[in-house]
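Enquirer: Spelled out, the chains give:
There are 2 protein chains.
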Amino acid sequence: MTNSITVKPIGVIHSSLKESQGAPIQPVFAKDSEGVIEIYEPYQEALKDLDGFERIWLIYWFHKVVEFRPLVKPYLDTVDRGLFATRAPCRPNPIGMSPVRLLKVEDGKIHIADVDILDGTPVIDIKPYFSKFDKFEVQKCGWYDNVSDQKGIADKRFQK
Amino acid sequence: MTNSITVKPIGVIHSSLKESQGAPIQPVFAKDSEGVIEIYEPYQEALKDLDGFERIWLIYWFHKVVEFRPLVKPYLDTVDRGLFATRAPCRPNPIGMSPVRLLKVEDGKIHIADVDILDGTPVIDIKPYFSKFDKFEVQKCGWYDNVSDQKGIADKRFQK
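Protein chains in written order, with numbering that gives the first Met the number 0: chain A, 0 to 159; chain B, 0 to 159.
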């Protein structure tokens with residue numbers, strides 16, 4: 000088993016979402032939510048050409064989450080599910096991944112919309128969304144195929 | 000700036016890809032490539048319900064990559080681009096993200112297809128692919144909109 004790995008924050012997210020209670024659980028449920036990603040100076044040169052993309056993946060660290068739970072009741076279900084079959088934040092490595100909408104890149108800051116991420120969250124990577132690589136037609140989405148709740152709003156169940 | 004973060008491998012990928020030279024650069028270019036993810040015991044319970052999904056995101060650590068470069072020539076382009084506008088592996092935190100096809104989950108192992116990941120790569124998270132959350136119609140994909148190369152095969156340019 001490989002030893003532990005060290006990750007450095009490359010920036011921080013500023014958003015209007017101060018706690019999980021009432022926050023959207025995915026960008027698709029966050030249509031009115033905007034935010035700004037502040038990228039730290041050593042990484043700003045790597046932002047070149049990013050503004051040609053419409054959507055970007057933010058990879059970040061859930062900094063306000065309870066410890067790993069192997070089974071969880073997802074926000075959109077009423078039954079305990081295996082953690083890896085959900086997007087719940089209490090993961091062995093609490094890494095989040097959100098495909099947010101890119102508004103503009105300016106002075107080392109990325110302005111974004113469809114934001115489902117809490118204010119102050121450390122960002123660890125940014126990747127462009129490519130239709131060719133990321134957009135798949137799938138027929139089966141497990142337990143989610145029987146879910147009727149389409150609100151997608153969080154509560155405090157996974158909050159530290 | 001938040002301090003550094005520690006990540007633990009939750010498993011390891013076994014694949015037929017021994018080096019980057021000749022490997023597919025994304026699952027969409029890896030139609031004939033199969034592999035197995037061995038999940039370490041403390042995390043196996045969290046695999047429950049995963050087999051209902053058709054595709055999963057593997058989040059992993061590029062373990063054979065050169066150091067961070069702010070500007071890179073992507074495999075599919077001939078011009079230097081900002082690293083964050085590419086999926087090149089030499090990132091500040093070399094985290095990879097691949098939407099592979101799920102074949103079956105059995106005895107703590109996940110059998111997968113469309114594998115673009117080198118043998119021995121440490122896995123740090125697994126998330127199900129949800130059409131509702133991950134599939135977006137985007138009109139603009141930056142520099143990639145003018146790319147004609149559709150082979151998607153890697154060479155040694157980012158290999159340590």
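Quick caveat, the hints were computed from the structure, so don't treat them as lab data. Check each hint, because a few of them may be wrong.
Taking lysine to aspartate or glutamate and the EDC-like style, the derived pairs with C-alpha atoms no more than 16 Å apart in a straight line are [as the list claims (entries may be wrong)]: (1) A:Lys-139 <-> B:Glu-53; (2) B:Lys-131 <-> A:Asp-118; (3) A:Lys-72 <-> B:Glu-44.
Facing chain A, a subset of chain B residues (Cβ under 7 Å, in silico) [unchecked claim]: (4) Ile-4; (5) Lys-30; (6) Glu-33; (7) Lys-63; (8) Val-64; (9) Val-65; (10) Pro-69; (11) Leu-75; (12) Thr-77; (13) Gly-81; (14) Phe-83; (15) Arg-86; (16) Cys-89; (17) Phe-129; (18) Asp-154; (19) Phe-157.
Remember, it's a predicted structure, so these values are computed and weren't measured experimentally. C-beta: ideal position from N, C-alpha, C; glycine also.
Enquirer: Would you pick out the hints that fail for this structure and give their numbers low to high?
Expert: 2, 5, 6, 7, 8, 9, 11, 12, 16, 18, 19
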